[in-house]
Amino acid sequence: GTIERKIEITKLECSESLNDFRVVVLFVNKGNVVFDITGNFNVIDAAGNVHIRGVFDEVYGMPKDKATLQAVQTSKHLEPGDYDILINLDVKNSDPIIKEARFTVAANGSISDPILKD
15 GTIERKIEIT KLECSESLND FRVVVLFVNK GNVVFDITGN FNVIDAAGNV HIRGVFDEVY
75 GMPKDKATLQ AVQTSKHLEP GDYDILINLD VKNSDPIIKE ARFTVAANGS ISDPILKD
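For the sequence shown, the working numbering puts the final residue at 132, and the numbers step up evenly by one.
The hints are simulated quantities; they were obtained by calculation from the structure and are not laboratory data.
Note that the structure is predicted; figures quoted are calculated from it, not measured.
There are no misleading hints in this set.
Heads up, simulated DSBU-like pairs for lysine-lysine below, C-alpha to C-alpha not over 30 Å straight-line:
#: 1; residue 1: K20; residue 2: K80
#: 2; residue 1: K131; residue 2: K20
#: 3; residue 1: K113; residue 2: K20
#: 4; residue 1: K90; residue 2: K80
#: 5; residue 1: K78; residue 2: K106
#: 6; residue 1: K20; residue 2: K44
Required output: the full structure, derived from the provided sequences and hints.
In structure tokens:
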């Protein structure tokens, strides 16, 4: 049959705890081949300054599998304001997936759910 490689991001989460910044990407393999994904992220403010950079652990999965990529940057803290997160996922034997989302850090330190941009 035809080889189909399709990864769908189902959820993106950003959180901060004890000055550790965590990014979680949930996705499902909609294709019919095994996937092998690594990647990285950058958190950028409105002026284009990069505040946090991180690398995701490598994940493998079978067709129709759900999987989670995680990255934690220690000793990182964001001041209140609006930020963009740029996610670059390297999918072995396929095109990279590049996604951008916006989130807000409130004065109390809570982080809004990131909204993926098309």
